[in-house]
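If you read the protein sequences in the order shown, they are chains H and D. UniProt numbering puts the first residue of the first sequence at 1, with every later residue one more than the last. UniProt numbering puts the first residue of the second sequence at 1, with every later residue one more than the last.
Derived from the structure by calculation, the hints contain no laboratory data. Any given hint might turn out to be false.
Put simply, identical chains are the same to the list, so a pair is met inside one copy or across any two.
Claimed, not checked - As a list, the in silico SDA-like pairs of lysine to any residue whose alpha-carbon atoms are at most 25 Å apart: (1) LYS83 x ALA67; (2) LYS36 x LEU56; (3) LYS118 x ARG193; (4) LYS126 x ILE163; (5) LYS118 x GLN78; (6) LYS83 x GLN26; (7) LYS83 x ARG2; (8) LYS36 x GLN225; (9) LYS126 x LEU217; (10) LYS36 x GLU229; (11) LYS83 x LEU191; (12) LYS36 x LEU98; (13) LYS36 x ALA211; (14) LYS118 x LEU217.
Everything numeric in this text was worked out from a predicted model, so none of it was measured.
The residues making up each chain are set out below.
There are 2 protein chains.
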Amino acid sequence: MRDYFDYPILGVLGGMGPAATVDFQQRLLNIRAAEKDQDHLAVVTWNHAGVPDRQLAIQGLGASPVAALQHGIQQLIQAGADKIAMPCNTVHYWHATLQQQSTVDIFNMIDLTVQQVKQQHGTSQKVAVLATCGALQTGLYQHALQQQGIDFICNDAAEIEDILMPAVYAVKANQLQQAGEQLHDLGQRLLARGADSIILACTELPIALAAVESSILAQCFDTTQILAEACVAWSDDYYNC
Amino acid sequence: MRDYFDYPILGVLGGMGPAATVDFQQRLLNIRAAEKDQDHLAVVTWNHAGVPDRQLAIQGLGASPVAALQHGIQQLIQAGADKIAMPCNTVHYWHATLQQQSTVDIFNMIDLTVQQVKQQHGTSQKVAVLATCGALQTGLYQHALQQQGIDFICNDAAEIEDILMPAVYAVKANQLQQAGEQLHDLGQRLLARGADSIILACTELPIALAAVESSILAQCFDTTQILAEACVAWSDDYYNC
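Could you put the whole structure together from the sequences, leaning on the hints where they help?
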């Protein structure tokens, strides 16, 4: 059996939001069969609810979250983190800034997701990006998809403002049923407009879609799951080296 | 709005098991209505799967977990924890040892639970303790209930060995359905033997019972929930002081 002190430590910079952070940790447990506690990963999670709102910051309507994020990364490193995952898509807007200040490597969820889209579909299919206003405004996914030559569509501004954003905040308030139905509807619109698959570009989305057992999940790239799988693979590789 | 640096930090010493640690974090989110991320707690969780098996240690069949536990507490303190919760009943066997070495206070889940039993039922009712072999062997709950003059019963040795322990390890392996049915059956036996309520003295138990929507949950003292409520109350008090 592996010794306690031989495990690589995965750091999770959470709080964005708190529910998505818990969902991410559950995914880490579900990925592979474990017979006992000791088969799982060693994870330290900084799930601080007080990170300033990323959406407001991107729109210039609220404080920057960077000082809080840098503090969180520092605490994770002090707690022994060997690599850091951020289960929030929007926060990757600051990925380069945070990576510059961090002595440990930070997974890039956007790159991991776009790589997986390309691996599965090449450039022959059209992908939809289901994302928050803030994430779309930064162009995070649009740029990464363009660079890979992958065609994409998004919801229109009114759909995002009137339906997607209230649904995301409903998940943060633990109101999953209505949010799930609305997000399912938004996803179906994207498929009806010619998308072959959908990137769930916000980690609150799969929580609500799972709560209503949405059929569109089968056609989605679930960014929470993609990041979790990369973390488990990293932990396995670390141990095998 | 509260400033990021004004939140008290709850430390969670997890890994016992990893699924119970995630369940505990979800409870922290569900306890009170939140409208936005920032309404939740600031939590740092040390969910290290490699803590040596507590059951084996108590039975003298495996390594002591104390060095690993002390290390986990140290990492949580370095990450800024102001108070520590351990969402595992059995590990409270070492509570005094760990508290002695820790510069921050550690919640006592056993005391919190027995206090709640006494508050709700006084000493007029009989409570059952649904617990692992290791927890029962330490007498953790039996002593605390005796001290409060509360009458109690437990499953017999064969039930624990043949049914409860395999069910607990099944939860650790994420096999919830069968475990839930078996635990429901064990709980019903305790009620049939005259118990008015049941202490779920292992944090894996409510996960399996919830998975099968067991009717006995309504008659249970859920130790995960009791600890989570104490943590949320502590965070509220800390902020109000």
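Going down the list of hints, with the structure as the test:
In this homomeric assembly, LYS83 and ALA67 come within 25 Å of each other (Cα to Cα) both inside a single copy, at 19 Å, and across copies, at 24 Å. Within a single copy, LYS36 and LEU56 get their C-alpha atoms only as close as 43 Å, which misses the 25 Å cut-off; across copies the closest is 13 Å, which meets it. In this assembly of identical chains, the alpha carbons of LYS118 and ARG193 lie at most 25 Å apart only when taken from the same copy (20 Å versus 61 Å across copies). For the homomeric pair LYS126 and ILE163, the shortest alpha-carbon distance inside one copy (23 Å) is at most 25 Å, but the shortest distance between copies (52 Å) is not.
In the homo-oligomer, the alpha carbons of LYS118 and GLN78 never lie at most 25 Å apart, since the shortest distance is 36 Å inside one protomer and 41 Å across protomers. Within a single copy, LYS83 and GLN26 get their C-alpha atoms as close as 18 Å, and across copies as close as 24 Å, so both meet the 25 Å cut-off. Taking identical chains as interchangeable, the C-alpha atoms of LYS83 and ARG2 lie at most 25 Å apart only when both belong to the same chain, with a minimum of 19 Å there against 29 Å between chains. In this assembly of identical chains, the alpha carbons of LYS36 and GLN225 lie at most 25 Å apart whether taken from the same copy (22 Å) or from different copies (23 Å).
With identical chains, the CA atoms of LYS126 and LEU217 are at most 25 Å apart within one copy only, with a shortest distance of 16 Å there and 47 Å across copies. In this homomeric assembly, LYS36 and GLU229 come within 25 Å of each other (Cα to Cα) only inside a single copy, at 19 Å, whereas the closest approach across copies is 28 Å. Taking the shortest alpha-carbon separations for LYS83 and LEU191, neither the intra-copy value of 36 Å nor the inter-copy value of 48 Å comes in at or below 25 Å. Taking the shortest Cα distances, LYS36 and LEU98 sit within 25 Å of each other only across copies (24 Å), while inside one copy they are farther apart (35 Å).
In this assembly of identical chains, the alpha carbons of LYS36 and ALA211 lie at most 25 Å apart only when taken from different copies (19 Å versus 28 Å within one copy). For the identical chains of this complex, LYS118 and LEU217 are intra-copy neighbours only, at 18 Å inside a copy versus 47 Å across copies, given an alpha-carbon limit of 25 Å.
Hints 5, 11 from the list above are not met by this structure, while the remaining hints are.
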